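Protein chains in written order, with our numbering: chain D, 1 to 312; chain V, 313 to 577.
Check the hints yourself; a few may be wrong.
Unchecked claim - Covered by chain D, according to a simulated footprint, are these stretches of chain V (three or more residues, beta-carbon under 8 Å):
hint: 1; stretch: 413-424
hint: 2; stretch: 430-438
hint: 3; stretch: 451-461
Unchecked claim - Subject to a maximum C-alpha distance of 25 Å in a straight line, what follows is the list of computed DMTMM-like cross-link-like pairs (lysine to aspartate or glutamate):
hint: 4; chain 1: D; residue 1: Lys14; chain 2: D; residue 2: Glu37
hint: 5; chain 1: V; residue 1: Lys529; chain 2: V; residue 2: Glu550
hint: 6; chain 1: D; residue 1: Lys198; chain 2: D; residue 2: Glu150
hint: 7; chain 1: V; residue 1: Lys529; chain 2: V; residue 2: Asp316
hint: 8; chain 1: V; residue 1: Lys470; chain 2: D; residue 2: Asp25
hint: 9; chain 1: V; residue 1: Lys502; chain 2: V; residue 2: Glu523
hint: 10; chain 1: D; residue 1: Lys257; chain 2: D; residue 2: Asp165
hint: 11; chain 1: D; residue 1: Lys223; chain 2: D; residue 2: Glu141
hint: 12; chain 1: D; residue 1: Lys14; chain 2: D; residue 2: Glu82
hint: 13; chain 1: V; residue 1: Lys470; chain 2: V; residue 2: Asp364
hint: 14; chain 1: D; residue 1: Lys14; chain 2: V; residue 2: Glu523
hint: 15; chain 1: V; residue 1: Lys439; chain 2: D; residue 2: Glu150
hint: 16; chain 1: D; residue 1: Lys178; chain 2: D; residue 2: Asp276
hint: 17; chain 1: V; residue 1: Lys470; chain 2: V; residue 2: Asp385
hint: 18; chain 1: D; residue 1: Lys302; chain 2: D; residue 2: Asp172
hint: 19; chain 1: V; residue 1: Lys470; chain 2: D; residue 2: Glu201
hint: 20; chain 1: D; residue 1: Lys198; chain 2: D; residue 2: Asp262
hint: 21; chain 1: V; residue 1: Lys439; chain 2: D; residue 2: Asp291
hint: 22; chain 1: V; residue 1: Lys439; chain 2: D; residue 2: Asp210
hint: 23; chain 1: V; residue 1: Lys439; chain 2: D; residue 2: Glu232
hint: 24; chain 1: V; residue 1: Lys470; chain 2: V; residue 2: Asp442
hint: 25; chain 1: D; residue 1: Lys160; chain 2: D; residue 2: Glu37
hint: 26; chain 1: D; residue 1: Lys223; chain 2: D; residue 2: Glu297
hint: 27; chain 1: D; residue 1: Lys14; chain 2: D; residue 2: Glu150
hint: 28; chain 1: V; residue 1: Lys439; chain 2: D; residue 2: Asp16
hint: 29; chain 1: V; residue 1: Lys470; chain 2: D; residue 2: Glu232
hint: 30; chain 1: D; residue 1: Lys223; chain 2: D; residue 2: Asp262
Since the hints were made in silico from the structure, they are not lab data. As the structure is a prediction and not an experimental result, all values here were calculated from the model. All residues carry an ideal CB built from backbone N, CA and C; glycine is no exception.
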Amino acid sequence: MRNAFASTLYEAGKLDSRIVVVVADISPAGAMQKFREEFPSRFINTGVSEQIMIGMCAGMALRGLRPFAYTIATFALYRPFEFVRDDLAYQNLPVTVVGIGGGIQYSLLGGTHHAQEDIAVASAIPNMAVIAPCDPAEAHEATLWCAGQERGPVYLRLGKAGEPDLTGTAVDPFVFGKLRYLTRGRDVAIMAYGPILKTAEVLARRFEADGQSVSLISAHTIKPLDVEGVAEVLHAHRRVVVIEETAPTGGLGPRAKEIAWDTKAPCELQTFSLQDAFKHTYGTHGQVLADHGLDPEAISRKLGLSCEAITA
Amino acid sequence: MTFDVAASRRRCLAYRRRILDISQQAPAVHAAPAFSCVEMVDVVYRGLLRADRDIFLMSKGHGCLAQYVVLQDLAVLDEHDVELYCKPGGHLGAHPDYGVPGIAASTGSLGHGLGMGVGMAYAERIKREDRRIYVLISDGELQEGSTWEALMMAANLKLDNLVALVDLNDFSSLERMSEGHPAFYPLVDKLAAFGWEVRQVNGHDAEAVHEAIAGRKGDRPFILVGQTIKGKGVAYMENVPIWHYRSPNPEELAVALAGICEVSS
């Protein structure tokens, strides 16, 4: 997903000289290195200094450029938080803050590198848009949108690498601010965003093996949320499941529950997220997700799905 | 560019009087932090800034009354704007807001302006535009780590179109920095070690401020350390921490107006 972002930004940068990349000591691998070599003055490394990374982006946006700040999610959003809030959001500047490895994807590196509350934190800021694509192709679309937009600041939450293609046969195209149906069904809807949509897809297959017709939905734009779209999901399906790799407060699950209450939705609604806890565990991404109860097996059990169907 | 010092002194006296007038509109106006930087703001706007291109950024946002009165004098703001300072329906607050005429960025939280100034100066270089960025910071802002990140980055990028001015009044809101934070000094050596061209002058001496900035070598970012007095011009406000925030009551206002005169240095 990182590579899709970098190659898209490189292509966009060729067409638009206003695009600049400001990184805080993160290795410019792949296409990002190409961007750096071809546009050296438009690639700035501030070193291990995240406040100036965001401050410079604000200053450059105030002078007409279209900056992308790029580093690990915790350091892109938390470390310079007040600069993101005051410099970017308060002034409503078109700067994209790219957070790599949102959630707990840096599963070997421990809690200091886990942006497990990033969705709540970023979504709470007025003017801020929050986008989390689920696969490389969607990251490409989201990056293109960010490169061309004049709306204001964006927190673009990306995965790291190795995400499978989930959107190749999607029913809907990527549209900022709209839910994206990857498949359309009648009985069950599963909404997710970011790389954990892979788990949602596994669960969709299990529901299908159980004879259910399933809508699988990428809720890539968490803010502004497609409230009408969510209401429609809640009213058109008997059962709705939300899966998100973020804290239990401030994410899509709680928003879906609010919308369900507000619109008197008749469906059954189950939400799954990270726990409100620092786990202090290490392993693969999947293993640390499992420590939070966010693995396909644990979720399947809670949904009453048979485990035989899983492996089928 | 020659700089008429006598005219500057007359303007600065008028600015201080105007700030005292405005101080009656709100209970907390930050008059003293504005008084310490009046001369430096005047020099930037009247002696350095090329109005069609250069940018001034008030990083010590709480000193913005000094900027508002200059902007009114230059007809960028009108009298009505200033009359509605901190009032419903107005758009001038106790910290400057981006979008208000003449305000290049929102400030108020300390340690933000220099970083944005670095971004602005770098953007102008990329765009190959001849534009200088002037940023006025407080000495208190030099206690913020972010200011030092900006200082390092400006020097890394050799931003010769960036000029910073430090309002070194030696006071943050609580106490004298030389007493509370003695390791803050020596300041000039620190700034020079970070790769900036540095000059220290009396910040109330408009001629010295102008000469130092206009005469810089200009091959890297330049920072002027202006030694100032917080509350300068109103005797009972000078170096008295309460006036960081407080507005004078009508009796105190009368005393201030009776005693205020041109500042010579």
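Checked hints:
Only residues whose C-beta sits within less than 8 Å of a C-beta in chain D count toward coverage, and the stretch 413-424 of chain V has 7 of them, enough to reach three; the restraint holds. With a threshold of 8 Å between beta carbons, the proposed coverage of the stretch 430-438 of chain V by chain D holds, since 9 of its residues qualify and at least three are required. As drawn, the stretch 451-461 of chain V meets chain D at 3 residues by the rule of a beta-carbon pair under 8 Å; at three or more, the given contact holds. At roughly 12 Å between alpha-carbon atoms, Lys14 of chain D and Glu37 of chain D fall within 25 Å of each other, so this suggested pair holds.
At roughly 34 Å between alpha-carbon atoms, Lys529 of chain V and Glu550 of chain V are farther apart than 25 Å, so this suggested pair is violated. Note on Lys198 of chain D and Glu150 of chain D: the hinted pairing is violated, with a Cα-Cα distance of about 31 Å set against a maximum of 25 Å. Distance check on the hinted pair: Lys529 of chain V and Asp316 of chain V sit about 22 Å apart at the alpha-carbon level, within 25 Å; holds. For the given pair, Lys470 of chain V sits about 19 Å from Asp25 of chain D by alpha-carbon distance, which is consistent with the 25 Å threshold.
For the given pair, Lys502 of chain V sits about 22 Å from Glu523 of chain V by alpha-carbon distance, which is consistent with the 25 Å threshold. Distance hint between Lys257 of chain D and Asp165 of chain D is unfulfilled; the C-alpha atoms sit about 29 Å from each other, more than 25 Å. At roughly 16 Å between alpha-carbon atoms, Lys223 of chain D and Glu141 of chain D fall within 25 Å of each other, so this suggested pair holds. The hinted pair formed by Lys14 of chain D and Glu82 of chain D fails the criterion: a straight-line CA distance of about 32 Å is larger than 25 Å.
At most 25 Å may separate the alpha-carbon atoms for a hinted pair to count; Lys470 of chain V and Asp364 of chain V meet this at roughly 24 Å. A C-alpha spacing of about 44 Å is found between Lys14 of chain D and Glu523 of chain V, which places the hinted pair above 25 Å, so the restraint is violated. For the hint pairing Lys439 of chain V with Glu150 of chain D, the CA-to-CA distance comes to about 19 Å; that is within 25 Å, so the pair holds. The straight-line distance between the Cα atoms of Lys178 of chain D and Asp276 of chain D is roughly 28 Å, outside the 25 Å bound, and the hint therefore fails.
Our distance criterion of 25 Å between C-alpha atoms is broken by Lys470 of chain V and Asp385 of chain V, whose separation comes to about 34 Å. Between Lys302 of chain D and Asp172 of chain D the CA atoms are separated by roughly 29 Å; this puts the pair beyond 25 Å, and the hint is violated. A threshold of 25 Å between alpha carbons decides the hint, and for Lys470 of chain V with Glu201 of chain D the separation of about 51 Å lies outside it, so the pair is violated. As the CA atoms of Lys198 of chain D and Asp262 of chain D are separated by approximately 30 Å, the hinted pair breaks the 25 Å bound.
Pair hint Lys439 of chain V plus Asp291 of chain D does not hold up; C-alpha atoms about 50 Å apart against a cutoff of 25 Å. The straight-line distance between the Cα atoms of Lys439 of chain V and Asp210 of chain D is roughly 60 Å, outside the 25 Å bound, and the hint therefore fails. About 47 Å separates the Cα atoms of Lys439 of chain V and Glu232 of chain D, which puts this hinted pair outside 25 Å; it is violated. For the hint pairing Lys470 of chain V with Asp442 of chain V, the CA-to-CA distance comes to about 15 Å; that is within 25 Å, so the pair holds.
Restraint check for Lys160 of chain D and Glu37 of chain D: satisfied, since their Cα atoms lie roughly 22 Å apart, inside the 25 Å limit. For the hint linking Lys223 of chain D to Glu297 of chain D, the alpha-carbon distance of about 29 Å lies beyond 25 Å, and the restraint is violated. Simply put, Lys14 of chain D and Glu150 of chain D have alpha-carbon atoms about 18 Å apart, close enough for the 25 Å limit, and the pair holds. Distance check on the hinted pair: Lys439 of chain V and Asp16 of chain D sit about 12 Å apart at the alpha-carbon level, within 25 Å; holds.
About 55 Å separates the Cα atoms of Lys470 of chain V and Glu232 of chain D, which puts this hinted pair outside 25 Å; it is violated. For the suggested pair Lys223 of chain D and Asp262 of chain D, the alpha carbons sit about 18 Å apart, so the restraint of at most 25 Å is met.
When held up to the earlier numbered hints, the structure conflicts with 5, 6, 10, 12, 14, 16, 17, 18, 19, 20, 21, 22, 23, 26, 29 and fits the remainder.
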